[in-house]
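Given chain A, work out where chain B should sit, using these hints.
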Amino acid sequence: QKEVEQDPGPLSVPEGAIVSLNCTYSNSAFQYFMWYRQYSRKGPELLMYTYSSGNKEDGRFTAQVDKSSKYISLFIRDSQPSDSATYLCAMSAHTGANSKLTFGKGITLSVRP
Amino acid sequence: KAGVTQTPRYLIKTRGQQVTLSCSPISGHRSVSWYQQTPGQGLQFLFEYFSETQRNKGNFPGRFSGRQFSNSRSEMNVSTLELGDSALYLCASSRDGANEKLFFGSGTQLSVL
Chain A
691 QKEVEQDPGP LSVPEGAIVS LNCTYSNSAF QYFMWYRQYS RKGPELLMYT YSSGNKEDGR
751 FTAQVDKSSK YISLFIRDSQ PSDSATYLCA MSAHTGANSK LTFGKGITLS VRP
Chain B
2 KAGVTQTPRY LIKTRGQQVT LSCSPISGHR SVSWYQQTPG QGLQFLFEYF SETQRNKGNF
62 PGRFSGRQFS NSRSEMNVST LELGDSALYL CASSRDGANE KLFFGSGTQL SVL
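Chains A and B are the protein sequences, given in the same order. Residue numbering for the first sequence follows the numbering used here, starting at 691 and increasing by one per position. Residue numbering for the second sequence follows the numbering used here, starting at 2 and increasing by one per position.
Rather than coming from a laboratory, the hints here were simulated on the basis of the structure. Keep in mind that a hint or two might mislead.
[Claimed, not checked] 27 Å max Cα-Cα, derived DSSO-like pairs, lysine-lysine:
#, chain 1, residue 1, chain 2, residue 2
1, A, K732, B, K14
2, B, K58, A, K732
3, A, K790, B, K102
[What the hints assert, rightly or not] Which bits of chain A does chain B cover? Going by a derived footprint, with three or more residues having C-beta under 8 Å, they are:
#, region
4, 733-742
5, 794-803
We treat Cβ as the ideally placed atom computed from N, Cα and C, and that holds for glycine.
With the rest of the complex left out, here is chain A (with noise of 0.2 Å):
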């Protein structure tokens, strides 16, 4: 069983719906969760970021977490042609030395105009 799972899509909404992006893990001691957006011939870019359970909200985007269900969740509304690109879930156990980021294989995520 890998460390993080996530669904393998590709994924493909209308523009305006709600999407759910999920990741779940088997490593209790990851505490620090992240969900990066890489579009086509591009790096990664951190979209965002919480510590521990919980949710947090940033404009269209919510992500949460629910560490008992090792269960992670980005939840994008009105969705726009402009979010189509792949999604990577990441996370981490510690920050600084000796961290490193494990992380999701993406989905990738196609919003029709």
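Below, chain B without anything else, positioned relative to chain A:
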């Protein structure tokens, strides 16, 4: 402020050759991490350098090596290339090695024939 710069952008090599990839981090960032991205395995951590010292290493063979210079620029080297080394190699920097807030370059696409 300039982002993370990786050169070259594309590279084609043949089996058995070696290759050196270069990364210039964001000014002021002292930590540089390298990741390999493939469709099958996703993003996998190679190693991290901080103030010219390798601080963390992933599960890759010794053919993969790296170094960091006093100006924080980093290089990674892959010797005796194999077909399976074909991938997008991504460099990421952070100010103090807090790996949960990485800034990625656009990557070097390596094709091994």
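Self-check item: Within 8 Å of chain B's CB atoms, at least three CB atoms from the region 794-803 of chain A: coverage verdict
Solution: Answer holds; 3 residues pass the 8 Å Cβ test.
Practice problem: Test coverage of the region 733-742 of chain A by chain B using CB-CB distances below 8 Å; three residues minimum. | Solution: holds (count 5)
Quiz item: Does K58(B) pair with K732(A) here, judged by a C-alpha cut-off of 27 Å?
Solution: holds, 24 Å
Self-check item: Hinted pair K732(A) and K14(B), Cα distance within 27 Å
Solution: holds, 22 Å
Quiz prompt | 27 Å Cα cutoff - pair K790(A), K102(B) | solution = Roughly 11 Å separates the two Cα atoms, so the pair holds.
Checked against the numbered hints listed earlier, the structure breaks none of them; every hint is satisfied.
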